[in-house]
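2 protein chains.
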Amino acid sequence: MKNVIRIVAVCLTAATLLPAYAQFAKPDDAIKYRKASYTVMATHFGRLGAMANGRMPYDAKLASENAELVVALAKLPWTAYGEGTDNGETRAKPEVWKEAARFKDASDKMQAEIGKLNVAAKAGNVEALKAAFGPAAASCKACHDTFRKD
Amino acid sequence: MKNVIRIVAVCLTAATLLPAYAQFAKPDDAIKYRKASYTVMATHFGRLGAMANGRMPYDAKLASENAELVVALAKLPWTAYGEGTDNGETRAKPEVWKEAARFKDASDKMQAEIGKLNVAAKAGNVEALKAAFGPAAASCKACHDTFRKD
Numbered sequence: 000m001k002n003v004i005r006i007v008a009v010c011l012t013a014a015t016l017l018p019a020y021a022q023f024a025k026p027d028d029a030i031k032y033r034k035a036s037y038t039v040m041a042t043h044f045g046r047l048g049a050m051a052n053g054r055m056p057y058d059a060k061l062a063s064e065n066a067e068l069v070v071a072l073a074k075l076p077w078t079a080y081g082e083g084t085d086n087g088e089t090r091a092k093p094e095v096w097k098e099a100a101r102f103k104d105a106s107d108k109m110q111a112e113i114g115k116l117n118v119a120a121k122a123g124n125v126e127a128l129k130a131a132f133g134p135a136a137a138s139c140k141a142c143h144d145t146f147r148k149d
Numbered sequence: 000m001k002n003v004i005r006i007v008a009v010c011l012t013a014a015t016l017l018p019a020y021a022q023f024a025k026p027d028d029a030i031k032y033r034k035a036s037y038t039v040m041a042t043h044f045g046r047l048g049a050m051a052n053g054r055m056p057y058d059a060k061l062a063s064e065n066a067e068l069v070v071a072l073a074k075l076p077w078t079a080y081g082e083g084t085d086n087g088e089t090r091a092k093p094e095v096w097k098e099a100a101r102f103k104d105a106s107d108k109m110q111a112e113i114g115k116l117n118v119a120a121k122a123g124n125v126e127a128l129k130a131a132f133g134p135a136a137a138s139c140k141a142c143h144d145t146f147r148k149d
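Protein chains in written order, with numbering that gives the first Met the number 0: chain A, 0 to 149; chain B, 0 to 149.
Hints are computed from structural coordinates only; laboratory data are not their basis.
Given the structure is predicted, the values throughout are model-derived calculations rather than measurements.
Hints may contain errors.
Since the list gives no way to pick out one identical chain from another, each pair is judged satisfied if it fits inside one copy or across any two copies.
Taking lysine-lysine and the DSSO-like style, the derived pairs with C-alpha atoms no more than 30 Å apart in a straight line are [unchecked claim]: (1) 25 to 74; (2) 97 to 148; (3) 121 to 25; (4) 34 to 140; (5) 60 to 74; (6) 92 to 60; (7) 92 to 121.
Just chain A, same shape as in the assembly (with noise of 0.2 Å):
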């Protein structure tokens, strides 16, 4: 029952971020699709970083291209946690489920920072671009601490 009622709130959790299109056959390509989403990003956020951090000249088109990509793949994997996908070839903890509303916090919060990264990546300069990118990269890794085995 405690599983079932688990389950429900994460649906209700995913019904809110996205709407019911969000579908998937089987478990295991729902899994697949949020690890696919999250590595897109963490490729165009980690561009954004290398621009941030120096290790890559700034430019101004190539950042505002790369956080409008994170942007739109922020929005993708939380519908992706549904009944089953706690099982198989991921490395998310039994808190994603047992602590739905604090992952969906998470998630939201993250994605708020992104919102932030992107308006940064547009101003044309790149210490807006650094003052955003390190407050970005912390809700990040707020998550994974909690909801991510190492």
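Dock chain B against chain A, hints included.
Chain B alone, transformed into the frame defined by chain A:
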């Protein structure tokens, strides 16, 4: 020498498709990224197919959102076929590099069809979506048939 020419051809192709920021620390990172971008793209493309084929109710807003994602993702994998990415966990056939110009043509064709699909997805009726989905799916398959292992 032939391999060097091939690699240069692929890199030039990639440079035409996307700017120089699309770099990866290791070939395996590039392979993981391109596979992930296809996974996310295929999920959203599949939802358009489900609507076009009546397995899912048609919803104009969702069709548009899914198509936007597919357009954004369809631009991504092509820079991730650089040097050293022909080995490893990949189903890419040697033809990707041996026939770089043909591979570029296939990727251009796919992106053109996805562009049309995006227009059709915004038409607000399922008939338009149905008409555009077939050619878009065919452009995916054409590339898979030639350039991807089963």
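Hint by hint, here is what the structure shows:
For a Cα distance limit of 30 Å, the shortest separation of residue 25 from residue 74 qualifies both inside one copy, at 20 Å, and across copies, at 27 Å. Within a single copy, residue 97 and residue 148 get their C-alpha atoms as close as 15 Å, which meets the 30 Å cut-off; across copies the closest is 41 Å, which misses it. Taking the closest pair of Cα atoms, residue 121 and residue 25 come within 30 Å of each other only across two copies (29 Å); inside a single copy the shortest separation is 39 Å, beyond that limit. Both within a single protomer and between protomers do residue 34 and residue 140 lie at most 30 Å apart by alpha-carbon distance, with minima of 16 Å and 24 Å respectively.
Both within a single protomer and between protomers do residue 60 and residue 74 lie at most 30 Å apart by alpha-carbon distance, with minima of 22 Å and 16 Å respectively. In this assembly of identical chains, residue 92 and residue 60 lie within 30 Å of each other by CA distance neither inside one copy nor across copies; the values are 37 Å within and 33 Å between. When the C-alpha separation of residue 92 and residue 121 is checked against a cutoff of 30 Å, the pair qualifies neither within a copy, at 35 Å, nor between copies, at 39 Å.
When the structure is compared with the earlier hints, violations turn up for hints 6, 7 and for no others.
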